[in-house]
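Undergrad: Here's the letter readout for the chains.
2 protein chains.
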Amino acid sequence: MPGDLIGDSVLVKDQAEASQIYNKGFYGYPQSGGGIELDLLEAIFLQECDRLVVSEEGSVVSHPELIRKAARASPDFGIRYIVYRDLRQRGYVVKSDAGDFDFRVFPRGGTPSTTQTKYWVNAVSERAPFHIRDMIKLSQTSDQTRKELLLAVVDEEGDITYYQAAAGAPHAPKTAKVDEGEVEGFLLEDRVLVMNGTGQSLHSQGFYGKPIGRTLQLSLIETAHLMRLGRLIIRLPNTGRKMGVAAFKKKATSIQSDFELRMRAYDDMREKDLVVKTGFKYGTHFRVYDGDPSNHHSRYLVHAIPADYETGWPEISRAVRLAHGVKKDILFAAVSAKSVEYVRLRRMRP
Amino acid sequence: MPGDLIGDSVLVKDQAEASQIYNKGFYGYPQSGGGIELDLLEAIFLQECDRLVVSEEGSVVSHPELIRKAARASPDFGIRYIVYRDLRQRGYVVKSDAGDFDFRVFPRGGTPSTTQTKYWVNAVSERAPFHIRDMIKLSQTSDQTRKELLLAVVDEEGDITYYQAAAGAPHAPKTAKVDEGEVEGFLLEDRVLVMNGTGQSLHSQGFYGKPIGRTLQLSLIETAHLMRLGRLIIRLPNTGRKMGVAAFKKKATSIQSDFELRMRAYDDMREKDLVVKTGFKYGTHFRVYDGDPSNHHSRYLVHAIPADYETGWPEISRAVRLAHGVKKDILFAAVSAKSVEYVRLRRMRP
Chain C
7 MPGDLIGDSV LVKDQAEASQ IYNKGFYGYP QSGGGIELDL LEAIFLQECD RLVVSEEGSV
67 VSHPELIRKA ARASPDFGIR YIVYRDLRQR GYVVKSDAGD FDFRVFPRGG TPSTTQTKYW
127 VNAVSERAPF HIRDMIKLSQ TSDQTRKELL LAVVDEEGDI TYYQAAAGAP HAPKTAKVDE
187 GEVEGFLLED RVLVMNGTGQ SLHSQGFYGK PIGRTLQLSL IETAHLMRLG RLIIRLPNTG
247 RKMGVAAFKK KATSIQSDFE LRMRAYDDMR EKDLVVKTGF KYGTHFRVYD GDPSNHHSRY
307 LVHAIPADYE TGWPEISRAV RLAHGVKKDI LFAAVSAKSV EYVRLRRMRP
Chain Y
7 MPGDLIGDSV LVKDQAEASQ IYNKGFYGYP QSGGGIELDL LEAIFLQECD RLVVSEEGSV
67 VSHPELIRKA ARASPDFGIR YIVYRDLRQR GYVVKSDAGD FDFRVFPRGG TPSTTQTKYW
127 VNAVSERAPF HIRDMIKLSQ TSDQTRKELL LAVVDEEGDI TYYQAAAGAP HAPKTAKVDE
187 GEVEGFLLED RVLVMNGTGQ SLHSQGFYGK PIGRTLQLSL IETAHLMRLG RLIIRLPNTG
247 RKMGVAAFKK KATSIQSDFE LRMRAYDDMR EKDLVVKTGF KYGTHFRVYD GDPSNHHSRY
307 LVHAIPADYE TGWPEISRAV RLAHGVKKDI LFAAVSAKSV EYVRLRRMRP
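Residue numbers (our numbering), protein chains in the order written: chain C, 7 to 356; chain Y, 7 to 356.
Quick caveat, the hints were computed from the structure, so don't treat them as lab data. Nothing here was measured: the structure is a model prediction, and the numbers come from that model. Each hint should be verified, as a subset may be incorrect.
It does not matter which identical chain is used: a pair holds within one copy or between any two.
[Claimed, not checked] Derived PhoX-like pairs (lysine-lysine); straight-line CA-CA distance at most 25 Å:
id, residue 1, residue 2
1, LYS19, LYS101
2, LYS75, LYS257
3, LYS75, LYS216
4, LYS248, LYS75
Given these sequences and hints, build the entire structure.
TA: Structure follows, in structure tokens:
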């Protein structure tokens, strides 16, 4: 099939060929005067499949030449082409008229004339920065338009990992609040001990702490939360003096500089009736249960980050891969002055 | 069994009781005048097990009191006690006379009088910094003394993850070097394309690049390595001008700021006949094969870090957990001006 390169498009003028290529794979955009206009991604893909011969002012434009031209026209062409090509080869119809996104993709077997868009897809280099703010915005837009958001991340060898991103907090069934009164603990370095069995109610009501014999050991974050709820008083080991919540938080922050950030996410999840424990073994801040941790596996891994957090995709890749390996969902909790917003990321194969 | 608190020790003077506790669990250190001297870890553990009543100048010292005393005497007592207690409860004989390490631990069923120390153990808070330099030194010392090095990392809830650290590079069977001559590629953004089938020898000899149809796509790091070996020439897409190795490295560093660091580790492993590919999917720098990547799984994940690298244990925990989940070993490659040194970390249950 012949096509003419004009600017950044390739025009296929022959009516019969144009309708065949449009109707079979939904390549190109039909023109008012008949024929179709292919964008460079489409043209290069069809050229690679030996279905298109491109000419410019009468002379043939080779595949390497057309790639070079596209790369000059758009600095991220290489990344977008790798993703476009992969999705096409997986049998999807992929179109570039996708608003804020790179591509819209139809469900397998679906077409623009019969079905709604299923996925918004962005093609991303592993070297591109990851901004949590953008990710929240994109996932909210996808949510509002009832489509799934896929991030197709291209590594330096051209392999693609697909991530599905979705907005929304983890949730648990509501549990009745119990007023159990206050118990007393003492601070031992970076943990708090509630001794002689007096901590039992904290463990049975909310699964706080870890019982070691008749001692209940609480983490700094559990302690601050329980102090705020009025269920725990802390005394210093040396003087026996009582500590206020503010003094305790200050102490905790001196031990763990991001204490306040974690605390905000912890409080938010506890208020949602989730049971929150440290995720250290998984290299995340929290592992989160929607019920009794002694007879459930944790469903979520949650990492608290500032709402303006920026990192590299390799860090995201690591977190998602790990969660996938232990059959949990990873959520990033973006903590701002006003709110905690959650984004869930999953690896998937489209 | 009664014992007297004197300074930071508890003395058990009764000969019969002293020999029984020493011979059964190897608690304490025998004294010249008979009896044994328990250190505070031992005394608190025996007190917790209701096997010891501690007195000071005639009055009983309670369990909470003795813990507070120990915490005042040594700021990391809490962490060390959690590990000591765990190893004892797992049935190991644990002694604190361990030189540069916190503990020496005998093989299960072994004792100081019958067997050699099996493990050096250091008790570490998850909040302690991780210095790669220290880790290399400790693992080399362990290697020289033919013992295994365990890092017992205590998380904020008092749970322990044991890591085994060992020095040494990954290795592969030697392969014959082949001189295949030079081919030509062109730089497209952050990758290099060798077109029209001319890159085939690079892929068949050394498994460089990724074939996409008749195009071989090389990563920046593969490109720099092959240029240095004299197997590849690069031309710029716009001008067709030839690029030198130095100019290419400069360009690569502008795209990926830690290019030089990765390059050093990559070159070192390639010189050891390993096949090195990106580890992006695992959130590490490299996945490493000791043979043909098309019919082996990669054995190693390798992360390149500067020789003076310092991080937190949660990052180490994440990397080891991930590698464990995909049945690979994680190695940290510490890159200095002179050398690349490797430390392998594995999760284990003693």
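Undergrad: Checking against the hints above, which ones are violated?
TA: none
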